[in-house]
Every structure is written in structure tokens, then in C-alpha cells.
Amino acid sequence: MSEIPTELKYASSHEWVRLESDGSVVVGITDHAQDELGDVVFVELPEVGSALDAGAEVAVVESVKAASDIYAPLTGEVLEVNPLLEDEPETVNRSPYGDGWFFRVKPADLSELEQLLDSDGYADAIA
Amino acid sequence: MSDSALATTPLHAMHVAAGGKMVPFAGYSMPVQYPAGIKAEHLHCRAAAGLFDVSHMGQVVVSGPNAAAELEALLPSDLIDMPIGAQSYSVLLTEQGTVRDDLIICRLTEQSFYLVVNAGCKHDDIAYLRSQLPSATVEYRAQHALLALQGPAAAAVLTALLPVVGELTFMHGCAASLDGVALFITRSGYTGEDGFEISVPAERAVWLAEQLLAAEAVKWIGLGARDSLRLEAGLCLYGHDMDADKTPVQAAINFAINRVRRSDGARAGGFPGAARILAELDGGPASQRVGLAVSGRAPVREGAELLDGDGQAVGVVTSGGFAPSLDKPIAMGYVTATNAALGSELFARVRGKLLPVTVCKTPFVAQRYYRG
Chain A
1 MSEIPTELKY ASSHEWVRLE SDGSVVVGIT DHAQDELGDV VFVELPEVGS ALDAGAEVAV
61 VESVKAASDI YAPLTGEVLE VNPLLEDEPE TVNRSPYGDG WFFRVKPADL SELEQLLDSD
121 GYADAIA
Chain B
1 MSDSALATTP LHAMHVAAGG KMVPFAGYSM PVQYPAGIKA EHLHCRAAAG LFDVSHMGQV
61 VVSGPNAAAE LEALLPSDLI DMPIGAQSYS VLLTEQGTVR DDLIICRLTE QSFYLVVNAG
121 CKHDDIAYLR SQLPSATVEY RAQHALLALQ GPAAAAVLTA LLPVVGELTF MHGCAASLDG
181 VALFITRSGY TGEDGFEISV PAERAVWLAE QLLAAEAVKW IGLGARDSLR LEAGLCLYGH
241 DMDADKTPVQ AAINFAINRV RRSDGARAGG FPGAARILAE LDGGPASQRV GLAVSGRAPV
301 REGAELLDGD GQAVGVVTSG GFAPSLDKPI AMGYVTATNA ALGSELFARV RGKLLPVTVC
361 KTPFVAQRYY RG
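Going line by line, the protein sequences match chains A and B.
Throughout the first sequence, residue numbering follows full-length UniProt numbering, covering 1 to 127 in sequence.
Throughout the second sequence, residue numbering follows full-length UniProt numbering, covering 1 to 372 in sequence.
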């Protein structure tokens with residue numbers, strides 16, 4: 001059974017979103033997603049400063065098996081990407097909700113968070 | 001195809017019990033990986049021994065008084081002079097000289113040969129053989145499972161059970177009996193490692209797998225690692241690195257065309273598409289399969305377009321991925337003859353970006369076959 005922290009919001013496309021105290025949001029992929037993908041060997045992240053459209057492809061995770069698209073859970077601007085993933089992409093497998101985060105976003109409209117799933121909703125989505 | 005329509009191998013329940021992630025493959029439900037994961041399985045096979053269920057592949061016995069000569073009319077191999085127990089890599093061909101399937105063929109007796117063909121092609125292959133062989137009979141051994149035991153510890157594990165296999169060298173086979181169960185064992189495989197493929201009656205397949213897995217060195221390996229292992233070994237995957245659009249010369253498997261069947265050989269030609277294949281062997285193909293060293297960390301996968309330094313399209317990637325033994329991406333693909341020289345610097349288009357790749361020799365990881 002995969003881990004689904006209750007304090008996070010989720011997209012049905014397997015991204016998680018965490019609202020920070022400064023109003024930015026951090027995005028990563030779920031434990032379920034990393035388990036399905038298998039050994040992550042490369043992560044292509046968006047450019048800092050780039051604009052994100054909710055639902056659009058924004059990053060790519062490559063596992064030994066295949067390449068998988070990651071979608072922007074919200075509209076906004078990329079503030080920061082996780083530098084650790086360049087040299088240690090396997091961090092996504094080891095710590096999907098911690099050190100394996102993907103990028104931080106300045107949301108255009110925080111109300112978009114309401115449209116994401118809570119942990120129960122995501123648990124149902126992957127059941 | 002729904003899962004319920006999928007065929008299963010005699011080892012299916014064992015894979016599920018071992019935590020195998022079952023996926024559809026060539027009409028079968030097969031384990032793509034086990035809980036250890038593709039990378040760990042791959043590295044285990046290179047370090048110790050991996051056990052693969054390859055029962056989905058087609059095991060075929062062709063026999064008859066004239067089997068060798070009749071098969072030579074279909075395969076570019078030297079079968080008439082093949083010693084009993086010897087094994088060879090070969091191809092079934094179209095009239096255009098392109099590859100219908102690749103296979104291994106082992107001489108069982110003066111009048112019979114054992115073939116292992118690809119799962120996805122086996123029914124077509126069997127129908128083709130039956131329609132083309134004038135008098136030889138074609139027996140599909142559907143009631144036999146096939147296990148591959150591969151890796152540096154494979155020989156120690158198998159000789160502990162069956163000392164006779166220690167005498168086999170790479171690409172040779174023999175019949176053997178283990179606790180009264182009739183096996184046919186070849187020293188071959190598709191990982192680049194020393195190892196064996198063991199044909200066993202279906203009802204004893206679980207028993208044999210248990211005997212092998214009892215050794216600490218042996219772990220199950222799924223299709224995912226089978227693919228990364230064969231890619232590192234520079235071996236073609238039918239339907240990807242070659243198909244009915246490619247000749248064996250384009251696919252750079254010239255060794256499948258034995259010397260005696262070449263232009264200057266005693267039995268030159270005489271197989272489907274011989275004129276084209278021999279002309280390509282002598283003059284060089286217009287395009288050919290090459291190894292590609294990838295500079296960055298991003299995997300370059302099947303379908304990626306290859307371009308030269310001027311941005312001209314020169315080919316396409318047919319297999320690519322991450323090489324766990326090398327901790328970097330590797331690929332194979334077809335390029336035009338002028339770009340096929342070792343060291344040619346090209347670019348692969350991946351998600352709109354041009355990633356530098358260099359034509360390199362294969363295998364990517366040294367083969368460790370046991371040649372005695």
C-alpha cells in the first residue's frame with residue numbers, strides 16, 4: 001500500500017502539491033507514481049521563470065522502463081527546481097514527498113487548489 | 001486484448017507468488033519485473049545468476065531424412081555440416097531478403113534440429129516452415145517450458161545439479177536427465193553473460209525452477225531487465241531493431257550468414273532473398289544498425305530521429321534506454337552508410353532538443369560467453 005500524506009493535495013495524474021507558508025506551492029510525484037514508474041534515471045524539469053498552465057505537460061520522468069509526462073497541477077510561474085534531481089534522480093524513488101520534490105511554483109490563483117483531490121480522493125483514484 | 005484472453009506459461013502462479021508485475025507481452029501474461037525492480041534485477045544477473053521464464057518463445061523441432069538440406073533452403077546457415085550438438089544464430093527471411101524472424105537452431109541428431117523462435121512470430125513461423133519444407137516435419141513443442149539461467153554464477157549452479165553441462169561450451173546443447181526428467185540444455189542466452197537455456201516438460205517446470213531458485217545466487221529476472229541486459233549486450237530485439245523491412249546485413253547480424261553460404265562459399269546463396277543479401281554483404285548496405293553512445297543523462301529511446309551536424313535526418317533510434325551496468329543511457333539505431341563509421345558524431349531529437357550521440361561499437365558491456 002503506498003503512502004498518501006493527508007496534508008497534501010493531489011492531481012489524478014499523480015502529482016502532489018504542498019502549500020508553503022509564503023504562498024508558494026511545492027510539487028512532486030506520489031509514492032504510488034514512483035512505485036509504478038520504477039527506478040528513476042532522469043528527470044527533465046521546467047526552466048525557472050517559465051509559466052505553467054494547469055494540466056499542461058511540464059516535466060518528464062524517465063525510468064529504466066519508459067518516459068512519463070508530469071503535468072502542472074496549477075497555473076503559475078516556476079520559482080525553483082530541485083537541483084538534487086540532476087545528479088541523483090533516484091531520490092524520487094527514495095523520498096517522493098521529501099528530498100525528491102520536483103519544483104516550486106508561484107500560483108496565479110490559489111483557488112485552483114480546491115479543484116485538486118484530498119488524500120482520500122486520491123486513494124480512491126488509485127484504488 | 002483483455003487480460004483474460006492472455007495465455008500463461010506453466011510458471012505463471014510462481015511469478016505472481018514472487019510478486020511479479022504481470023503485463024501483456026506477445027499474447028502472454030509475463031512478469032515485467034519483481035519487487036526488486038528492473039535495475040536491481042539487471043545488476044543481479046550481471047553479478048550472480050538470473051532466472052528468466054522464456055516459455056512464451058516458440059520451441060520447434062524440425063525432422064526428416066533431408067531436414068538439413070531443406071532448412072538450408074530457408075536459412076542462410078551451414079546446417080549440412082553442422083555437428084550434432086552445435087547451435088547457431090540464424091534468421092528466417094522473406095523473398096526480399098528481409099528478416100521474418102531471428103532464431104537459434106541446434107542440431108539434435110543427423111536428421112533433426114531444435115529451433116527457438118520469437119514468441120510474437122511463432123505461429124507464423126510454424127505455418128511458414130510447414131508450408132515451405134517439402135518433406136521434413138515440424139513439431140511445435142507447446143508442452144515444454146523454457147527457462148534461461150544467465151550470469152557468472154549460472155554454470156556453478158547448474159553443474160551442481162547436472163555435472164554434464166560443465167562440458168558444454170557457448171552455442172552447444174545436449175540432452176540431460178535430472179531426477180528422471182528429460183531436459184534439453186543449451187549454453188546460450190540473450191544477456192551477454194555465460195548461461196543456459198533449459199527446455200523442460202511443462203508439468204515439471206515449477207519443480208525445475210524451484211531447484212534452481214534454491215541456490216542463493218539465483219533470483220527471478222523479469223522482461224524489463226531482460227531488455228536492458230540484451231541492449232547492453234548489443235543484441236537485436238525483433239520487431240524493434242529489425243523486422244521485415246530490414247535485411248540481416250542492414251541489421252549488422254552478418255554472422256547469421258555462414259561463410260559457406262556467402263558469395264565465395266561452396267553452397268553460396270540458395271536462401272530467400274540471397275541475391276540482395278549477398279550483394280549487400282559484398283558492397284555494403286545503404287543503411288545499417290549501429291551502437292550509439294549517449295553523452296548526457298537523458299535516455300534516448302526507440303523512435304528518436306537521428307540527425308547529422310547539418311541537421312539532416314540520417315536515421316532513427318530502434319532501441320534505447322538506461323544501462324544499469326554502465327549507469328548511463330545507451331541506444332542502437334539505423335543510420336545511412338556515410339554516418340555509420342565508429343566515432344561519427346550525430347544528434348538525437350528528444351522532446352524537441354538535440355542531444356549529442358556518437359556511433360560506437362557494440363556490445364556496450366563485454367560479453368562473457370564460455371568458449372572452453
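Simulated from the structure, these hints should not be mistaken for lab results.
Where hints are given, some of them may not hold.
Unchecked claim - So the derived label-pair ranges between C-beta atoms look like this: (1) G121(A) x T159(B): 49 to 59 angstroms; (2) A244(B) x S2(A): 35 to 45 angstroms; (3) E95(B) x R94(A): 53 to 63 angstroms; (4) D35(A) x L326(B): 40 to 50 angstroms; (5) T75(A) x A313(B): 46 to 56 angstroms; (6) K328(B) x S95(A): 17 to 27 angstroms.
As the list claims (entries may be wrong) - Derived list of chain A stretches under chain B, where covered just means 3 residues or more per stretch with a C-beta under 8 angstroms from a C-beta of chain B: (7) 37 to 48; (8) 64 to 74.
Claimed, not checked - According to the in silico footprint, chain A covers these stretches of chain B (three or more CB under 8 angstroms from chain A): (9) 248 to 255; (10) 293 to 303; (11) 316 to 329.
No residue lacks a Cβ here, since even glycine has one placed at the ideal position from N, Cα and C.
Take the C-beta atom of T75(A) and the C-beta atom of A313(B), compute their distance, and say whether it sits inside 46 to 56 angstroms. violated (37 angstroms)
Taking 35 to 45 angstroms as the hint, is the beta-carbon distance of A244(B) and S2(A) inside that range? Cβ of A244(B) to Cβ of S2(A): about 43 angstroms, so the range 35 to 45 angstroms holds.
Distance restraint evaluation - G121(A), T159(B), Cβ atoms, bounds 49 to 59 angstroms: Holds - the Cβ-Cβ distance for G121(A) and T159(B), about 57 angstroms, lies within 49 to 59 angstroms.
Verdict on chain A covering the segment 293 to 303 of chain B, criterion of 3 CB contacts below 8 angstroms: holds (count 4)
Within 8 angstroms of chain A (C-beta), three or more residues of the segment 248 to 255 of chain B: Violated, because only 0 residues of the segment 248 to 255 of chain B bring their Cβ atoms closer than 8 angstroms to Cβ atoms of chain A.
Starting from the range 53 to 63 angstroms, see whether the pair E95(B) and R94(A) falls in it by beta-carbon distance. holds (54 angstroms)
Do at least three Cβ atoms from the segment 37 to 48 of chain A come closer than 8 angstroms to Cβ atoms of chain B? holds (count 5)
Quick check: does the Cβ-Cβ distance between D35(A) and L326(B) fall within 40 to 50 angstroms? The hinted range 40 to 50 angstroms is violated for D35(A) and L326(B), with Cβ atoms some 25 angstroms apart.
Three residues or more, CB to CB closer than 8 angstroms: is that satisfied between the segment 64 to 74 of chain A and chain B? holds (count 4)
Are there three or more residues in the segment 316 to 329 of chain B whose C-beta lies within less than 8 angstroms of some C-beta in chain A? Satisfied; 4 residues make the cut.
Go ahead and decide if the range 17 to 27 angstroms is satisfied by the Cβ distance of K328(B) to S95(A). holds (23 angstroms)
Comparing the model with each earlier hint shows violations of hints 4, 5 and 9; every other hint is respected.
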